[in-house]
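Chain H is already provided as a structure; the job is to place chains G, S and Z on it using the hints.
Protein chains: 4
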Amino acid sequence: MNNYGTLFRISTFGESHGPAIGVVIDGCPAGLVIDEVFIQTELDRRKPGQSKITTQRNEDDTFKILSGVFEGKSTGTPIAIVIENQDQRSKDYSHIANTYRPSHADFTYDAKYGFRDYRGGGRSSARETAARVAAGAIAKLLLRTIGVEIQAFVSQVGDLKAPHYTQLDLSKTEDNIVRCPDATTAEKMIALIDQVRLDRDTIGGVVTGVIKNTPVGLGEPVFDKLHAELGKAMLSINAVKGFEYGSGFEGVTLRGSQHNDEFYNDGGKIKTKTNHSGGVQGGISNGEDIYFHVAFKPVATIMQDQPTVDKDGKETTVSGKGRHDPCVVPRAVPIVEAMAALVLADFYLRNKTVKV
Amino acid sequence: MNNYGTLFRISTFGESHGPAIGVVIDGCPAGLVIDEVFIQTELDRRKPGQSKITTQRNEDDTFKILSGVFEGKSTGTPIAIVIENQDQRSKDYSHIANTYRPSHADFTYDAKYGFRDYRGGGRSSARETAARVAAGAIAKLLLRTIGVEIQAFVSQVGDLKAPHYTQLDLSKTEDNIVRCPDATTAEKMIALIDQVRLDRDTIGGVVTGVIKNTPVGLGEPVFDKLHAELGKAMLSINAVKGFEYGSGFEGVTLRGSQHNDEFYNDGGKIKTKTNHSGGVQGGISNGEDIYFHVAFKPVATIMQDQPTVDKDGKETTVSGKGRHDPCVVPRAVPIVEAMAALVLADFYLRNKTVKV
Amino acid sequence: MNNYGTLFRISTFGESHGPAIGVVIDGCPAGLVIDEVFIQTELDRRKPGQSKITTQRNEDDTFKILSGVFEGKSTGTPIAIVIENQDQRSKDYSHIANTYRPSHADFTYDAKYGFRDYRGGGRSSARETAARVAAGAIAKLLLRTIGVEIQAFVSQVGDLKAPHYTQLDLSKTEDNIVRCPDATTAEKMIALIDQVRLDRDTIGGVVTGVIKNTPVGLGEPVFDKLHAELGKAMLSINAVKGFEYGSGFEGVTLRGSQHNDEFYNDGGKIKTKTNHSGGVQGGISNGEDIYFHVAFKPVATIMQDQPTVDKDGKETTVSGKGRHDPCVVPRAVPIVEAMAALVLADFYLRNKTVKV
Amino acid sequence: MNNYGTLFRISTFGESHGPAIGVVIDGCPAGLVIDEVFIQTELDRRKPGQSKITTQRNEDDTFKILSGVFEGKSTGTPIAIVIENQDQRSKDYSHIANTYRPSHADFTYDAKYGFRDYRGGGRSSARETAARVAAGAIAKLLLRTIGVEIQAFVSQVGDLKAPHYTQLDLSKTEDNIVRCPDATTAEKMIALIDQVRLDRDTIGGVVTGVIKNTPVGLGEPVFDKLHAELGKAMLSINAVKGFEYGSGFEGVTLRGSQHNDEFYNDGGKIKTKTNHSGGVQGGISNGEDIYFHVAFKPVATIMQDQPTVDKDGKETTVSGKGRHDPCVVPRAVPIVEAMAALVLADFYLRNKTVKV
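Chains as they are written, first to last, in the numbering used here: chain H, -19 to 336; chain G, -19 to 336; chain S, -19 to 336; chain Z, -19 to 336.
If we strip away everything but chain H, and leave its shape as in the complex, we get (with noise of 0.2 Å):
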């Protein structure tokens, strides 16, 4: 299935190295003013090649819209969207056409569908995400119109930890080439990721992500929870490993007296003192902001050699050839952040009509 949301829907397209990737929006509603300007600088925020800490793979990710924006604004109407593949160097992946990389989908591909496109990891390759994020840039367009604001960053790269998001200025984040809005853990994450690089080999991280302004009542109970949505929009991103939201894994620890968030009375505004709730209760929106940590496991190719099979089970070696990423984190910022913006667009539609 390669189609996520309910209402506000997309189908993403397109591998690593074939003609072009991309994605159609299906019900995007009618009458949104589509800033390509915008959606241009997101894709930037994502392309290969942007700093030193990132893969000098060279793509200019240039979008074109085929259908669904006339004038301007949406028509209410499918809006496709096309991205060539431009630096495709082939050739740099003919050695692993019969071998499968160790903690990548080359064997697991091959064994579901009998074969692979090989080039770059074909459909499994994280290029995918730039369609995702052409299309979650439409999707903050739209939640632009009702206030939400969604920010990510980086808050953990290997043991390196930023303070918590409600002591950071999040404005900070695009400030440095790590993503991460405290300036003193970012030099110490940059080095790190540098470090690991000159090693040859790859960290992983932790990107949260932070939605202010979101309405009460967003969230469809019981299965399409907002945080089992935006947990499976998280998981599905490459190299994500698991997802929590509130307090999370350290609430476990916690007592119920104290974790419960009391409710108050804000100037007429019913508001929570504390937000171990994360924003959302009983799979609703209260109106708190909505936090959550997505873990990145370390990039699986290293530029080293590692024992493996071939396809007929033959044991031999393989290493990283060509331009990848120490740390994905960094990239995965506007990632994480085009996912929520899709969960988020979704459930507002779907609450138009929950009440008579």
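It should be emphasised that the hints constitute simulated quantities derived from the structure, not laboratory data. All values reported here derive from a predicted model rather than from experimental measurement. Errors might be hidden in some of the hints.
One copy or two, it doesn't matter: identical chains are merged, so the pair holds either way.
[Stated by the list, open to error] Distance condition first, Cα-Cα at most 27 Å in a straight line; then the derived BS3-like pairs of lysine-lysine: (1) 335 - 192; (2) 53 - 332; (3) 192 - 332; (4) 332 - 251; (5) 301 - 291; (6) 251 - 335; (7) 32 - 301; (8) 44 - 335; (9) 53 - 192; (10) 168 - 32; (11) 291 - 32; (12) 152 - 53; (13) 301 - 251; (14) 301 - 44.
Below, chains G, S and Z alone, put in the same frame as chain H:
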């Protein structure tokens, strides 16, 4: 959306204190022997009042199959299962008709729908999960035909943690009331929960799920990755705050050279030496054990006065009445298994059409 | 797939001679007054034994709401409705356990599922439509809030045709047992059906549906056109062989200059002079009456010996036993209305998200 | 909803005069040989300008595959196909920017979405069906692997009717430009269409579809009956007003004793002597020919002045400009086949999971 699944689909219905709860299972293949004793056994593992550390609410949870089974076998048509609510005591809840219990769904349901069935939390009650367990039992019966085994256990209560699942004998999970297969840890967990109960408080915990013998190839890129659906399924269970699989959040501190799972040839079968991947690569099962952790917050209902507001925003206090669990994880074990079974059964069917 | 609808969604279940049939309605907006007397009235219009020209099978068709309604109003959670099967007489069907009745679903169900619940046709029985009528009644209640009126009537039995709907007073439909608002034609139809019954035979007919006061704008291009969903909904009713709307099959003989519906300004409202479009243009309602015809074949069960084969392919004969309708259209009228209501209710909700 | 299908799923996009139209096919099994020459042949059967009785608008309809095919075979990932719009002449449509053409979608699109891409009808243009034909070609390739053959032909233009399909040699359909396999009728049809064109008018017609060698068991009760999905698929094609299968509307005049299809044993295979059922019983294919009729209204665009209103309700006149079909059915033949193929391919895949 009260339904889950693409081909093996369930729709649950029912409120905590209405006439009945239930589930309709659509897409179960015809010819499956429906073992009603097994279904009841599963429901009994979840039912209230089963031990001193669970709520003393008394429900038989006897189910009735209304359709879809003929001469002991599934017919391929929808299987409807109904469980009547018996021990309702609606009067226990009159005190919260207009008051919002902290960290419950009272406020958000009212905001979303305009009003709510406040008796026992109505639809937001964990009573709904009985329907999931009944459906999950049928999913387990289907998965048994291909040898898939699903086991969950309590791996953490408060700060008390059991060893890694690979060091445990999971057949001992049902040997104690807390459902932790490590007897020593189990004893401590029971003591802790008992103390928490005496303190009129609650505490959180972690349930670990392990799925063995999954065929290679289950899971659907790119959005419906196996672990993404597992994550959504778990996060849709009441009180869940986090999900991780394989190396999870701890994996972010590792380097790629440590984290990658080397392939080797195990007598003709391709296996991995380590399993940081948690049995899933590129969103598709690779045949290794699938394992994951699910974080449950402390139950929100505590037997203490807590400040809150009523539906007009007036400040007041509320205290738990009735009968509630001091810790939800022992009873959550069969629910986690049920949701895992629903995910796997669905992917098993979906995988039947991927190759010509 | 035993479910229908995108936002106003129903899942039906149950076999003709199992314990019960029923439906779960998900997506009904909260706050709708659920008029149980009206639901029963609708079920009574469909129930067997209501007149001398319908089957004498005796079912009360008393329904019970299990969930989703609190203090007389929908809560926004799933509404489960169950109707117990009472007058089952399963022994009437033992003669067809192994024999394929001509033009029934016996052979195809066996071939598809490997076996079947043969009692009364099991799931393939038109008894399933009672669940649709119950759900359709709730859809009608929702549509009433915006003024939409749905009326169906018998427009043809065998060769006997009623005048065009615009020449009829549809409020007279329930004045006779054949449900044709034209008294003269009705009388002839009743006589014909009675004769057919005496001949131990059956006969087909046409039900016409008329929907008034539909808001402009319902229907979703390009696949879910309003008339395409109406068509599917009608064709999903047992014994239906054809669907046409507006000018239908007769329209193919016209020229464009005759068929086009001119627009004019009717006191500030845009209207059309003729209505060959049947109220739908480009798949979207234009505010004119929506009207359509549904062709029903003669009931397959006849009280005569017919050559056939058994499940081993051995030739044999079979004759109808039990109690069956000589003509299905009088009882089909509320079913056609119910399905139309389900289609319209769904499009009404879907239309709430098409504009920013 | 611009997508169709449950397992073999398509999403189409694009407007008549935008940069391109296209389709994403998701769920096509891996390993299917993608015959690009065949896809082009199918598109050429639909393309404008192919004969004197079709529109002279000139489109090459050359397609490009962007993804999902590797080394000539489907990979199991989404197949994106794009067809650029070449001969756009947008100026032809400036006269209708503010005027509602009778029996077009101009008024309803404006009412639904608030504005519209008026160039050539935008999304409501039958140009969208080129995307369906491309996707349908791939569905046909899949169906060929199990021997299913789908053929459509023009069976009626105005009052001119061809004999019943069982009396025709369907291999002759492409022998003439009207696509009627009966040469005598074809000649008359062509003369009629030519006359209509000279009259600056249009005329309707009927396309008959025939599907041979369908395996027994396709179709999903109770809502997604095989003929119900076929009906929806056909009714979703521009200008379609009616659908009937098997005996259709004529069958209503028959008695059950005439209409029932007797089973017999044909050398070990269960067959029916007649086929009023049209190959479908209880919504499931029985192995006999599936056949159906699709009614197309006369094209709404005529080369004559017609009274209408503009978007402010002001009365005005409008006349067709540009290049249009005097009769749509010859070019509709491949579209009907494509939609039938999409329906059958989907049911073929869905049927793979119905038995344990």
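Hints versus structure:
1. Taking identical chains as interchangeable, the C-alpha atoms of residue 335 and residue 192 lie at most 27 Å apart whether they share a chain (24 Å) or sit on different chains (24 Å).
2. For the homomeric pair residue 53 and residue 332, the shortest alpha-carbon distances inside one copy (21 Å) and between copies (19 Å) are both at most 27 Å.
3. Taking CA atoms no more than 27 Å apart as the test, residue 192 paired with residue 332 passes in both settings, with 20 Å inside one copy and 25 Å between copies.
4. In this assembly of identical chains, residue 332 and residue 251 lie within 27 Å of each other by CA distance solely inside one copy; the values are 23 Å within and 29 Å between copies.
5. For the identical chains of this complex, residue 301 and residue 291 are intra-copy neighbours only, at 19 Å inside a copy versus 61 Å across copies, given an alpha-carbon limit of 27 Å.
6. Proximity of residue 251 to residue 335 under the C-alpha cut-off of 27 Å is restricted to the intra-copy arrangement: shortest distance 23 Å within a copy versus 31 Å between copies.
7. For the identical chains of this complex, residue 32 and residue 301 are intra-copy neighbours only, at 17 Å inside a copy versus 58 Å across copies, given an alpha-carbon limit of 27 Å.
8. Proximity of residue 44 and residue 335 under a CA criterion of 27 Å is satisfied inter-copy only: 23 Å between copies versus 38 Å inside one chain copy.
9. Taking identical chains as interchangeable, the C-alpha atoms of residue 53 and residue 192 lie at most 27 Å apart only when both belong to the same chain, with a minimum of 26 Å there against 33 Å between chains.
10. For the identical chains of this complex, residue 168 and residue 32 are intra-copy neighbours only, at 15 Å inside a copy versus 51 Å across copies, given an alpha-carbon limit of 27 Å.
11. Taking the shortest Cα distances, residue 291 and residue 32 never come within 27 Å of each other, neither inside one copy (35 Å) nor across copies (54 Å).
12. For the homomeric pair residue 152 and residue 53, neither the shortest alpha-carbon distance inside one copy (31 Å) nor that between copies (48 Å) is at most 27 Å.
13. In this assembly of identical chains, the alpha carbons of residue 301 and residue 251 lie at most 27 Å apart only when taken from different copies (24 Å versus 53 Å within one copy).
14. When the C-alpha separation of residue 301 and residue 44 is checked against a cutoff of 27 Å, the pair qualifies neither within a copy, at 30 Å, nor between copies, at 31 Å.
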